[in-house]
Structures are given as structure tokens and as C-alpha cells.
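Student: Chain residues, written in single-letter form:
Number of protein chains: 2
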Amino acid sequence: MTTEQTDARIVNALNAAAARDSVTDIFFVACGGSYAHMLSNQYIVEREAKKIVGNALNSAEFKARAPQRLGKSSIVLTCSHSGTTPETVEAVKIAREAGALTISLTHELGSPLDRASEFTVSYVHSPLTMSPLHSAAVLARLVFGILKIREGNTKIDTFNKSLEALPALVDNLISKQRAKFSEFAEAYKRATVIYTMASGANYGVAYSYAICILQEMQWIHSAAIHAGEYFHGPFEVTDFDVPFVQLLGVGPSRPMDERALAFAAKHSQRMTVLDAKELGAASFPETVSEFIAPLIFAPVLRAYADKLAEAKGHPLTVRRYMWKMEY
Amino acid sequence: MTTEQTDARIVNALNAAAARDSVTDIFFVACGGSYAHMLSNQYIVEREAKKIVGNALNSAEFKARAPQRLGKSSIVLTCSHSGTTPETVEAVKIAREAGALTISLTHELGSPLDRASEFTVSYVHSPLTMSPLHSAAVLARLVFGILKIREGNTKIDTFNKSLEALPALVDNLISKQRAKFSEFAEAYKRATVIYTMASGANYGVAYSYAICILQEMQWIHSAAIHAGEYFHGPFEVTDFDVPFVQLLGVGPSRPMDERALAFAAKHSQRMTVLDAKELGAASFPETVSEFIAPLIFAPVLRAYADKLAEAKGHPLTVRRYMWKMEY
Numbered sequence: 351m352t353t354e355q356t357d358a359r360i361v362n363a364l365n366a367a368a369a370r371d372s373v374t375d376i377f378f379v380a381c382g383g384s385y386a387h388m389l390s391n392q393y394i395v396e397r398e399a400k401k402i403v404g405n406a407l408n409s410a411e412f413k414a415r416a417p418q419r420l421g422k423s424s425i426v427l428t429c430s431h432s433g434t435t436p437e438t439v440e441a442v443k444i445a446r447e448a449g450a451l452t453i454s455l456t457h458e459l460g461s462p463l464d465r466a467s468e469f470t471v472s473y474v475h476s477p478l479t480m481s482p483l484h485s486a487a488v489l490a491r492l493v494f495g496i497l498k499i500r501e502g503n504t505k506i507d508t509f510n511k512s513l514e515a516l517p518a519l520v521d522n523l524i525s526k527q528r529a530k531f532s533e534f535a536e537a538y539k540r541a542t543v544i545y546t547m548a549s550g551a552n553y554g555v556a557y558s559y560a561i562c563i564l565q566e567m568q569w570i571h572s573a574a575i576h577a578g579e580y581f582h583g584p585f586e587v588t589d590f591d592v593p594f595v596q597l598l599g600v601g602p603s604r605p606m607d608e609r610a611l612a613f614a615a616k617h618s619q620r621m622t623v624l625d626a627k628e629l630g631a632a633s634f635p636e637t638v639s640e641f642i643a644p645l646i647f648a649p650v651l652r653a654y655a656d657k658l659a660e661a662k663g664h665p666l667t668v669r670r671y672m673w674k675m676e677y
Numbered sequence: 351m352t353t354e355q356t357d358a359r360i361v362n363a364l365n366a367a368a369a370r371d372s373v374t375d376i377f378f379v380a381c382g383g384s385y386a387h388m389l390s391n392q393y394i395v396e397r398e399a400k401k402i403v404g405n406a407l408n409s410a411e412f413k414a415r416a417p418q419r420l421g422k423s424s425i426v427l428t429c430s431h432s433g434t435t436p437e438t439v440e441a442v443k444i445a446r447e448a449g450a451l452t453i454s455l456t457h458e459l460g461s462p463l464d465r466a467s468e469f470t471v472s473y474v475h476s477p478l479t480m481s482p483l484h485s486a487a488v489l490a491r492l493v494f495g496i497l498k499i500r501e502g503n504t505k506i507d508t509f510n511k512s513l514e515a516l517p518a519l520v521d522n523l524i525s526k527q528r529a530k531f532s533e534f535a536e537a538y539k540r541a542t543v544i545y546t547m548a549s550g551a552n553y554g555v556a557y558s559y560a561i562c563i564l565q566e567m568q569w570i571h572s573a574a575i576h577a578g579e580y581f582h583g584p585f586e587v588t589d590f591d592v593p594f595v596q597l598l599g600v601g602p603s604r605p606m607d608e609r610a611l612a613f614a615a616k617h618s619q620r621m622t623v624l625d626a627k628e629l630g631a632a633s634f635p636e637t638v639s640e641f642i643a644p645l646i647f648a649p650v651l652r653a654y655a656d657k658l659a660e661a662k663g664h665p666l667t668v669r670r671y672m673w674k675m676e677y
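Just so you know, the sequences run in chain order B and F. According to the working numbering, the first sequence is numbered sequentially starting from 351. According to the working numbering, the second sequence is numbered sequentially starting from 351.
In this list, chains with the same sequence are indistinguishable; a pair is considered to hold if it fits within one copy or across any two.
Only pairs whose alpha carbons sit at most 27 Å apart, straight line, appear in this in silico DSSO-like list of lysine-lysine:
hint	residue 1	residue 2
1	Lys674	Lys662
2	Lys400	Lys422
3	Lys401	Lys422
4	Lys674	Lys616
5	Lys530	Lys616
These are computed hints drawn from the structure, not numbers from a lab.
Take the sequences, apply the hints, and build the full model.
Tutor: What follows is the structure, encoded as C-alpha cells:
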């Protein structure tokens, strides 16, 4: 999959979006880590779209919910890494029957998801790096593209230009922060619970870290706490020995993150803070920086996970159930 | 607050909804336990509304996100028990400035939220019972009322009639299941983590239990796992000694819950299952039973919490931070 091939597939999908009589809704439908990407993109739609509605749903929930608004004016964006997630493939079929335009992301061209969808874009999978060809970036490119075509949103060029700077920025961060990753790994290798906390565009990253990295790949209890929700229940579980990974975003959601951090850091001695500003997100134009932040957090957080896995002697590839049995 | 007073306030709010030129969106805006109620009502809108969009957001996230669609065609439904939650009061002000119709629920008439909102409905607070005057019921009555007035949805009468049966049904359940509550309390009084799991209309109840009861009131680590997401990460944390409280709903989301339960029960010996069918939800007309289920789960789950608190010697009223300091 070359840059040209991915770009061409994005153009094809956007041309189809342009050709629709109307587009009122984008449904973002996926499971697990792919669903987490959708949350950041629903956020983009709510921040940027004048009229278009963004709705992120787990694929099985999408099927059960059978949203009344699903129809010919809908675009259904799905994602499955293997392209074999049955409920996501089924969601595409339901969407097509309802007359929606279906655009899917998958790593595996030729997979059931690819075959079921009208348009497919594949992506680069390399968790310790970031580029315009990574799934989270491709998805956001599609969203900004749709918003340009359907509503005249002008951010796509700035966003795309910003993406070009990410590979070098992320490589540099990961090579320079090795000491931090090792320190985290040593400090938390015996932790039985680690919470993640974020808001805005970054909540999806915190969710992904909680369910895919900590619960799934490290068997550590976790939950993604929304920084705005923290003070209305979860904060009571904070104590000197309770670990939190706190993401500080940029843009309008940052005050929520800062408020949560100020409190949590006063009562827990086990805070790990990733600040998007310090990680370089603030170097991008203010019109898009809040949407760039999750693309920086994801690979950096993965580097923390790699070291944690090493310190625990529990490789990120180990599973006890996933892919090993019927479920 | 009599039945007649609450009914009159609902009628006033619905008359205002009827008088709007157009209603395209209902924003459900609140924090914590009040936000949890909103999730069940966003579900009602997505299942039932032909055109109207439902969007549930934490109040601080609503402010930060500043949804582009917010405007004169929006209804903003908020809820705060004390009526003093600053971010919810602020959300109402933002909504009014944008020209939205604001309807709030609070237990405290005369509170800042009441004063900030155009329409306010107060409610009965009695966590071990359920009635048409409880907050979750009042909210759903408003939603079905709006859907009737704006789109001709016909379920309000069946829904209201169903609500009338709830007080006796719930009282009966709670008096008959005392042994179950005690058994749960003894089994989990030393648990350091208890997950909750649900989907569809009941996900909000699972969320509320995780963040308000387990984390906030019992200082037990928790997370609400969406049953459809369980297989895409969280299930790897399942083990013989990991406790789950599983809600089985009725209606189209039930198969998701059943699938999650089938797997979890095979690998954990610490499952607590609340089945809406067994709790009487299936005795209601099929057109509304899935929306009634969360109203049954909430008080029954509270009875489990009461016994747990007793067995732990940790009253549900104890807090270390909430209301005790600045945050």
C-alpha cells in the first residue's frame, strides 16, 4: 500500500460522498480499538460540522439500536483491523440495505469487510509511529474531506499539512523519552489497576489504552475516566497509591484535563502525565491542533506499553481468549 | 412536590417544545449520575425519533465541544440533583444564549439550575423505589412527550401506563430478593474491583453503578463495560476471581448481553446477574419494555449496594472529597 494508492482510495470514497444527493449523518461504527478511533472523529464532526450529525456506536450496538436516522443520507464509516469482525461486517450490510454510503478502513484488503463495503481504504499498521497513512489519520482525513465536500469546511489542507510533520515529531519524541517509558514500567509493573483520564478529542485514546492495552494486553484492571466526569463519582476512588495516566489535550477541552489533574495529583502519588503541549501539539496551527493531539498520544502511549510489557515479562501479543476460542 | 405539580410542570415544558418553530436536536447535558440517566434517553431518541438527533454530553464537555448544531432548533435537557453543579448551570446559560429551549430536572426548586432554566421539573428522590415521579422516569416522560409533539410518536401513553405499575413491582422485588442482596454483600465485601456490564438502554445504569455506587460510595475500583465492546479488549481481564455485575436487558440489545454473559460466566466464578425478564420487564408491552428495564434495574441495584455498604461497614453517605473541599 503506497501513499498514492491510499490517497487514490480516499479520493474515490470522497467522490462518492460528493455524489450523494444529501448527507445528514455520519455513523462511526466499529469495535474496541477501532471504535476508540471513532470517538475522536465524532468529536471532529461535533466541533466542525454545521449540519452533519456524527454518531459513534459499537457495531453490535449499531445493529441493536437500528438508528431511525440511518438511510440514504447517511455515510457509515467502519473500521476493523483484520476486516473479519463479524458484527462490523454485518453493520456494513445493514447500512447498505438502508441505502447508506459505506466506507471502511481495514488493514486487510480482500477481507470480508473490504468485500462488503462499497469503498475501502487500507492503512499502515505500525503502533510506535504516526503518519498520514495510519488508521487514525486516514479516518480523520476522510472526515475532514467529507466536511469540505458537503459543507465547505476549510480545515483539510491545514490538517493534511500537519499530518506530514507527524512522522519525524513522533520518532523524535519516542527516541528522546526512553527514560520516561522505563521509569513508568518499573513503577507500575506490579500495579493491579491503572486508570486513564482524558476528555475532548483525546477521550478515545484514553479509552483505547484502558481496554486494548491495559485490560487486553496486560491484564491490568482499568477504566477510561472522562476528565469532566471525574468529579462526579470516580474521583472518590483516588488515593495515594492509585495510578492514573492523565492526558492533557490542547484546545477547549484542556481546562477539563487540567482541573482533573490538579485534583488527582494532590491525592495520588502515582500520576503519569502526558501533556500534548509538551509533546509538540501546540506547534501546529490552532485550528487543527486539538485534532492532532490524539495522533501524537497514541504512539507515545504505545512506547510506555512496550516498556511495561517488558518489565512485566508479559508481551503485548499474549492473549488468553482472543483469537483462541469461540466467543 | 405532588403528582399534579410535576405533571403540570411537564405539560408546561412540553407546551414550550410544541411552540418552537422547529426541533432538530435534543442535547442531554449533565454530570455523573445525572449524565447516566441521559445515556438511556439518548438511546430512546435513537430508537424512536424519525428525525430528531439525541446527543448526551457531560456538561463540561458540552461547554468545551460547543456543538455547531446547538441553536434555536435545539432542546437542551439538563439535570442536577442539588441544582448547584456549576458546569451544568453554565451549560444552561450557553444553551439559552444560543437560542435553545432549556428544560432542567432538579430535586431543588429555587436552586441555581432552576433559576437559570426556562422550565424546571423537580422529582422524587427515593433510591430504593421507582415511580413516574422519579428523575429517570420524568426524563423519559419528557422525551416521549417531545417525540409525540414534534414527530407524532405514539408510545407515550403506553409508557406512562407502564410507569404506573412500577412502584408495586419494584417494592415487591426488593422485599422478595433480600436473600440475594445479602449473599452479594457477603461475597463481595472484600472485593477491590467489581465491573459492571450492560448495553442498549441499560448501559447508563451500569455506568451509574460503576461510577456513583462502586467508585464514589464504596471506593471499589470499577468500570462499566459495554457488552458489545467486551469481546474487543476488556474480556481478557476476565478470570475466575474477577467480579462482574451483568445486566440482561430486554429487546434488541439482549443478545449482546447474553453473549457477554455466556462468555464471562464460563471464565469468572464471581458473576452477579440481574435479568430484566426475571425482574418483570417482559410483563410490559414490547413496544416500551426495553425502556422500562433501566427503571427496574436502578432501585434493585441500589438494594444490592445498601447491603454491600452494610457488610463493608462503609455507609453510602461517606465521602472523602465530594462536598468536603474545593475541586
